[in-house]
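Protein chains in written order, with this note's numbering: chain A, 1 to 263; chain B, 1001 to 1121.
Any given hint might turn out to be false.
With beta-carbon atoms standing in for the labels, derived distance ranges [to be verified]: (1) B:Asp1044 - A:Arg238: 19 to 27 Å; (2) A:Gln173 - B:Asp1044: 15 to 23 Å; (3) B:Asp1044 - A:Gly235: 28 to 36 Å; (4) A:Gly123 - B:Asp1044: 54 to 62 Å; (5) B:Asp1044 - A:Arg115: 20 to 28 Å; (6) B:Asp1044 - A:Asp17: 22 to 30 Å; (7) A:Ala184 - B:Asp1044: 15 to 23 Å; (8) A:Asn170 - B:Asp1044: 18 to 26 Å.
Bear in mind the hints are in silico, worked out from the structure with no lab data behind them.
As the structure is a prediction and not an experimental result, all values here were calculated from the model.
Note that CB positions come from ideal geometry on N, CA and C, so glycine has one too.
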Amino acid sequence: MTAEARCVWLYAVTADDAGLPPDGASGVGGGRLRAVRAAGLTAVVEDVAEDEFGEAALRRNLEDLDWLERTARAHHAVIGALAGHGPVVPMRLATVYSGDDPVADTLRRRNGDLREALLRVKGRGEWGVKAYAAAPADPAPEPPGRPGDATGPGAAYLQRRRAQLSSRTNARQEAAAGAQAVHAELIRLSVSARRYPPQAPGLAGQTAPMVLNAAYLVADERAGEFAAAVNDLTGRHRSVLLALTGPWPAYSFVGGSGTSGEE
Amino acid sequence: MTSSEIISSGSAGAMRGVGGGPQTTNLGDILERILDKGLVIAGDIQVNLLDIELLTIKLRLVIASLDTARQAGINWWESDPWLNSLAADGSRGKELAEENRRLRGRIQALESGERDNGRAR
Chain A
1 MTAEARCVWL
11 YAVTADDAGL
21 PPDGASGVGG
31 GRLRAVRAAG
41 LTAVVEDVAE
51 DEFGEAALRR
61 NLEDLDWLER
71 TARAHHAVIG
81 ALAGHGPVVP
91 MRLATVYSGD
101 DPVADTLRRR
111 NGDLREALLR
121 VKGRGEWGVK
131 AYAAAPADPA
141 PEPPGRPGDA
151 TGPGAAYLQR
161 RRAQLSSRTN
171 ARQEAAAGAQ
181 AVHAELIRLS
191 VSARRYPPQA
201 PGLAGQTAPM
211 VLNAAYLVAD
221 ERAGEFAAAV
231 NDLTGRHRSV
241 LLALTGPWPA
251 YSFVGGSGTS
261 GEE
Chain B
1001 MTSSEIISSG
1011 SAGAMRGVGG
1021 GPQTTNLGDI
1031 LERILDKGLV
1041 IAGDIQVNLL
1051 DIELLTIKLR
1061 LVIASLDTAR
1071 QAGINWWESD
1081 PWLNSLAADG
1091 SRGKELAEEN
1101 RRLRGRIQAL
1111 ESGERDNGRA
1121 R
């Protein structure tokens, strides 16, 4: 036996004729990527150390945010590189096997699902659109309280504060309606769409509340049109600020129909 | 593949990069995609991500803003399979909600029927 026990980390499944990323590309464990082929499909894998990526180690490591970030970025980088060569079905983070045989077995057992997913994402990319509520305009400043007025500075403050809060609530509602309209329009340009829960403020370097966090599967030849539409929608819906990301590998659209949440 | 975020501002009506340049892909964006999206096939070394503390990390990433969304009247996540799976089994939760709705409807129908009967008498 070797001193170090190994297991197999699965990144993605591609069509059999798809290339591997260039040799320089390294994965979550810093090792080389290789292919496991079966039933007309290719699984892109890396041999990783069991003491870092085995079951017990994963339970421990996944709780370590630094490890998680490093691993998540490496996993994503490999899948992104693969997506540059052809359709890919990305695997969820931490899909790990004890060896090549069970990987090949998966390619055979899930052959139908995998082929269907490859077909669905072929020639298409995932675009992310987030909408943030635009900052409300500050209500017009109150005229300074007249001396001897019954409303003292305390009451004036409360009044101002109330106006500010209600203008904020209105802005939120307008932003929600704007987000809904943007989403409806973008759905028309996409093959399918999925909404994610909004991210916490601050995550994307934005302090404004997020009112839309969605992914759209868009045909490659319509990507330009899609981006232009996002730009155009921004001009038309002043209640929201839009952020576009992509193209992503089609992470959000390879699950079964039950999980894709298509709208 | 790099996915840089582009903020499009309403007033300018033009696309520009946040902070004036391309930025590295936001970790939250990656995590929300690779943790529960992607094809879920259990490897033979199984780690149920939902069992792990990681879940709470993810919660911190996404849920903190739910109150904000709720105030704005957005409630679609209540049927989000992932979020539902937190409380209980997702489909079961949906079933219960559905059953609940049916029963409420039924009660309402019965009650209005009683009132009508009362009037008829």
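Okay, the hints, checked on the actual structure:
Between Asp1044 of chain B and Arg238 of chain A the beta carbons are some 53 Å apart, a value that contradicts the proposed interval 19 to 27 Å. For Gln173 of chain A and Asp1044 of chain B, the hinted distance range of 15 to 23 Å is not satisfied, since their beta carbons lie about 50 Å from each other. A hinted range of 28 to 36 Å is violated for the C-beta pair Asp1044 of chain B and Gly235 of chain A, which are about 52 Å apart. At roughly 33 Å, the beta carbons of Gly123 of chain A and Asp1044 of chain B sit outside the given window of 54 to 62 Å.
In this structure the hint that Asp1044 of chain B and Arg115 of chain A lie 20 to 28 Å apart at CB holds, the actual value being about 22 Å. The hinted range of 22 to 30 Å is satisfied by Asp1044 of chain B and Asp17 of chain A, whose Cβ atoms lie roughly 27 Å apart. Between Ala184 of chain A and Asp1044 of chain B the CB atoms are about 43 Å apart, so this pair departs from the stated range of 15 to 23 Å. A hinted range of 18 to 26 Å is violated for the C-beta pair Asn170 of chain A and Asp1044 of chain B, which are about 54 Å apart.
Hint compliance for this structure: hints 1, 2, 3, 4, 7 and 8 are not met, and every other hint is.
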